[in-house]
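S.K.: These protein sequence lines map, in sequence, to chains G and Y. Note that our numbering numbers the first sequence so that position 219 is 219, with each residue one more than the last. Note that our numbering numbers the second sequence so that position 14 is 1014, with each residue one more than the last.
Simulated from the structure, these hints should not be mistaken for laboratory data. What you are looking at is a predicted structure, and each value in this text was computed from that prediction instead of being measured. Keep in mind that the hints are not guaranteed to be accurate.
Said to hold, decoys possible - 25 Å max Cα-Cα, derived SDA-like pairs, lysine to any residue:
no. : chain 1 : residue 1 : chain 2 : residue 2
1   : Y       : 1053      : G       : 258
2   : Y       : 1130      : Y       : 1083
3   : Y       : 1059      : G       : 199
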Amino acid sequence: MNSVIEMIEGLGRSVLNALARLGLAGRFFLAILMVIGVPLRRFSLLVRELYFSGVRSLLIIVVSGTFVGMVLAIQGYEVLQRFGSAETLGVLVALSLVRELGPVVTALLFAGRAGSAVTAEIGLMQATDQIAAMDMMAVNPIARIISPRFLASVVSLPLLACMFSAAGVFGAYLVGVKLIGIDDGSFWSQMQAGVDFRLDIVNGLIKSLVFGVAVGLIAVFEGYYAPPTAEGVSSATTRTVVTSSLAVLMLDFVLTVWMFRGLNG
Amino acid sequence: MKKSKFDLAVGLFVAAGILALVFLAMKVGNLTGLETSEGYRVEARFDNIGGLKVRAPVKSAGVVVGRVDSITLDSQTYEAKAILRIDQNYKFSKDTIASILTSGLLGEQYVSLEAGGDSVYLGQGDRISKTQPAMILEKLISQFLFSKASESTGTSK
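All chains should be built: construct the whole structure from the sequences, respecting the hints.
M.R.: In structure tokens, the structure reads:
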């Protein structure tokens, strides 16, 4: 009997802990927003973070984008040629990249490549008391350390998502037109007829902007509140990747329902 | 010295991102041509619009000349009111016929404009009076079945 009560207590405690953590994250987010002007005024802070988060992720994004596009072209062709409409491959690939795969896969890769590094860096700063030292010197660590990293993620994720989609379309062009031999002209013209700038490309950009906020916030939050031990930093890094991946996929569902439902009504 | 390395790389990164966006907008999307030009709006009322959607193309002789701007139901006459935005490069006479057709057997529906002979042209806010509603497959089939049935009963008597 006691063990059952303990179990229920444990359940309630973990729910309350999760809620408290969510509230803490919300407060932390507001604190970042209050000082978001600092990295804009001291631009070199932002540029440094853009380099480490954005530029260093470039290779993995472009290479994976190209391969995703190539695979989409092969799989799409396989199905479409059964209906004798292989020319619509361009639309299929472009729409799936611009609407879904570009923003989502980029955000997942970015969380693994850059988000984890940010968490580990901030966590280690916290563990070695660098952030406390900054506070002692009357330098706001949130303005100096956290907000540039957060802003860099918000800025670079949409750019990376664009590059991912562009690389994917290029990969699909290579496989579809050069390898399989779909007509060059109809590949592009069908694509242009099927993809709308406002509806598809801008919505994809909005998605990746939201993902940038989510991944950036989770990465700096987990780092800032990581327990100051080796184990704490390592588990915080893991949590960043897991939580941001889940957050991105859930947010994607919500945004997709909001953006594309009723599109055909 | 180290800072300038960051600057260059980040500048290139941002430029590449914007370039990718421009590529998506111009080459993949359709941000060129019709979308940017203004055009004038005309109104067309249909008994039934079938599966016509907002943003469906308006074609004349197969050439896209505009888009469907909005579709609403007139609660007085119970007719569907479609607002068509037509590129201002194209002029259509007052007695143009608007009909809703389907591209291919299973394709999307679009509005087709057939120009008439009137010398007065349609302008902003005008109404196309001659329209042809969409073909509803179920209605056609039931009409066909009823006519068949009445035919067979007629011959048996």
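S.K.: Each hint needs a verdict: does it hold in this structure or not?
M.R.: Here is what the structure says about each hint:
no.	hint	verdict
1	1053/Y x 258/G	holds (19 Å)
2	1130/Y x 1083/Y	holds (14 Å)
3	1059/Y x 199/G	holds (21 Å)
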